[in-house]
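*Asks:* In order, the protein sequence lines correspond to chains A and B.
Okay, so the first sequence: first residue is 1 according to full-length UniProt numbering, each after it adds one.
Okay, so the second sequence: first residue is 1 according to full-length UniProt numbering, each after it adds one.
Derived by calculation from the structure, the hints in this document are not laboratory data.
Glycine included, C-beta positions come from ideal geometry on N, C-alpha and C.
One or more hints might be untrue.
Cβ pair distances, simulated, as ranges [unchecked claim]:
1. Ala99(A) - Pro46(B): 49 to 55 angstroms
2. Asp136(B) - Val35(A): 23 to 29 angstroms
3. Thr111(B) - Tyr50(A): 32 to 38 angstroms
4. Gln170(B) - Glu166(A): 50 to 56 angstroms
Number of protein chains: 2
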Amino acid sequence: MEEAYMARPKVPLLSVDRIADAALELVDSGQPFGVNALARRLGVTPSSLYNHVDGRDGIIELMRGRFSREAAGGAQATGGEWHEIVADTMRAQRRMYAAHPNLVPLIVGKTITDPYVIASYDHLATTLVDAGFPEDEVLGVIALLDAFAIGFGLDLASPHDVWQPEGETQTLGRLIADAPHGDERSDRAFDLGLDLLIESLRARLARLSAPPAPVVE
Amino acid sequence: MEEAYMARPKVPLLSVDRIADAALELVDSGQPFGVNALARRLGVTPSSLYNHVDGRDGIIELMRGRFSREAAGGAQATGGEWHEIVADTMRAQRRMYAAHPNLVPLIVGKTITDPYVIASYDHLATTLVDAGFPEDEVLGVIALLDAFAIGFGLDLASPHDVWQPEGETQTLGRLIADAPHGDERSDRAFDLGLDLLIESLRARLARLSAPPAPVVE
DNA sequence: ACCTGAACACCGTTCAAGT
DNA sequence: ACCTGAACACCGTTCAAGT
Numbered sequence: 001m002e003e004a005y006m007a008r009p010k011v012p013l014l015s016v017d018r019i020a021d022a023a024l025e026l027v028d029s030g031q032p033f034g035v036n037a038l039a040r041r042l043g044v045t046p047s048s049l050y051n052h053v054d055g056r057d058g059i060i061e062l063m064r065g066r067f068s069r070e071a072a073g074g075a076q077a078t079g080g081e082w083h084e085i086v087a088d089t090m091r092a093q094r095r096m097y098a099a100h101p102n103l104v105p106l107i108v109g110k111t112i113t114d115p116y117v118i119a120s121y122d123h124l125a126t127t128l129v130d131a132g133f134p135e136d137e138v139l140g141v142i143a144l145l146d147a148f149a150i151g152f153g154l155d156l157a158s159p160h161d162v163w164q165p166e167g168e169t170q171t172l173g174r175l176i177a178d179a180p181h182g183d184e185r186s187d188r189a190f191d192l193g194l195d196l197l198i199e200s201l202r203a204r205l206a207r208l209s210a211p212p213a214p215v216v217e
Numbered sequence: 001m002e003e004a005y006m007a008r009p010k011v012p013l014l015s016v017d018r019i020a021d022a023a024l025e026l027v028d029s030g031q032p033f034g035v036n037a038l039a040r041r042l043g044v045t046p047s048s049l050y051n052h053v054d055g056r057d058g059i060i061e062l063m064r065g066r067f068s069r070e071a072a073g074g075a076q077a078t079g080g081e082w083h084e085i086v087a088d089t090m091r092a093q094r095r096m097y098a099a100h101p102n103l104v105p106l107i108v109g110k111t112i113t114d115p116y117v118i119a120s121y122d123h124l125a126t127t128l129v130d131a132g133f134p135e136d137e138v139l140g141v142i143a144l145l146d147a148f149a150i151g152f153g154l155d156l157a158s159p160h161d162v163w164q165p166e167g168e169t170q171t172l173g174r175l176i177a178d179a180p181h182g183d184e185r186s187d188r189a190f191d192l193g194l195d196l197l198i199e200s201l202r203a204r205l206a207r208l209s210a211p212p213a214p215v216v217e
């Protein structure tokens, strides 16, 4: 016996959690994300979703929060030196993007409101201030780290050929042919970049604290 | 007298160039990009565009090529040390993203085919190889630079509030209140990041060439 | 409170028909 | 060759109607 038409079921078909789960499934499946496709997957009418969430953008922000929590896995609690915390945070973000690459293009450029994600940035900010970075520079450093993480997140989401030379090239074509492709290349580039970043932040901090603040221009 | 209905005008209404120009105008205007909106702006039916370009994606790739050429402004010809070339290239890309921030989310994650853009990456690759970076590392460095540039490009395109804490924060809220907003913050973060990147690449290169390749682990 | 179904104002793309 | 207009299969969102 099928349940026939039912205006309001006794037990709700949907919930915020169920919607978030299905949305992540949909995104991870590689199919284009959309309210209609999501409703289809939930066996429900698109308009039903609007009883629980704030439309398309609301669902996307929901996913950001959801998979941030998932990827962190308690890494938040790490003590240790500031550069270890930064590296851990970056790697956690990397894991999250790697686990759900197709989400990256969706969340890109949207204002972050999820409390958990905010808290994680807040933790980072506190760490950097405590480490001795000047207050008016910390947000810049965070933006830098963010740009770095997002850039590499997109690298993961990209079709495997980032460059597709059609004519002759002097060097690029050869390097592409020789290089490992896809995730491996991206991973190596990420590790390299993270090393460079941390290292240069340490150098900058040392320079800031060692001499008694030379004021040159 | 209006020109009434005309199946095929004597002089074509459209051309690839005219479409590219109008597309950039549309994107820069801040309105959402779309084939229909573009056709409207050109005073033409959406289907007409398909006589000249390869649909939505084709038009986007067209814009990438167009505004890359525009932003370069002959900076390609710069001689000088490799790190100057890298810095110049990055800054040119930065200018391009700054001039057309709304294009960034559109081109993100799409395979690059435009010959001019390919040539510019090729030039960068050749420069790095000539500078002494190991061949199997150059593509990683380029991916790193790219991630960096894209990340900051998106930073420019973002709504001015990247973070919107709703509750109490330990540090982040205060920093956001004190910090310069929008483009200025992004510019300073970019400059900071570029400095760090170049510096650490130089350090890496020095380390690579100075000692006779110590093999650890 | 929570779902459906109809309706609205859109998309991007294809294609026959017109000149 | 190059445009139109109709058609197709979609979007995201709103809202009255049902229980």
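*Asks:* Against this structure, judge whether each hint is valid.
*Replies:* Status of the hints after comparison with the structure:
no. : hint                                      : verdict
1   : Ala99(A) - Pro46(B): 49 to 55 angstroms   : 38 angstroms, violated
2   : Asp136(B) - Val35(A): 23 to 29 angstroms  : 44 angstroms, violated
3   : Thr111(B) - Tyr50(A): 32 to 38 angstroms  : 36 angstroms, holds
4   : Gln170(B) - Glu166(A): 50 to 56 angstroms : 52 angstroms, holds
The structure shown violates the earlier hints numbered 1, 2.
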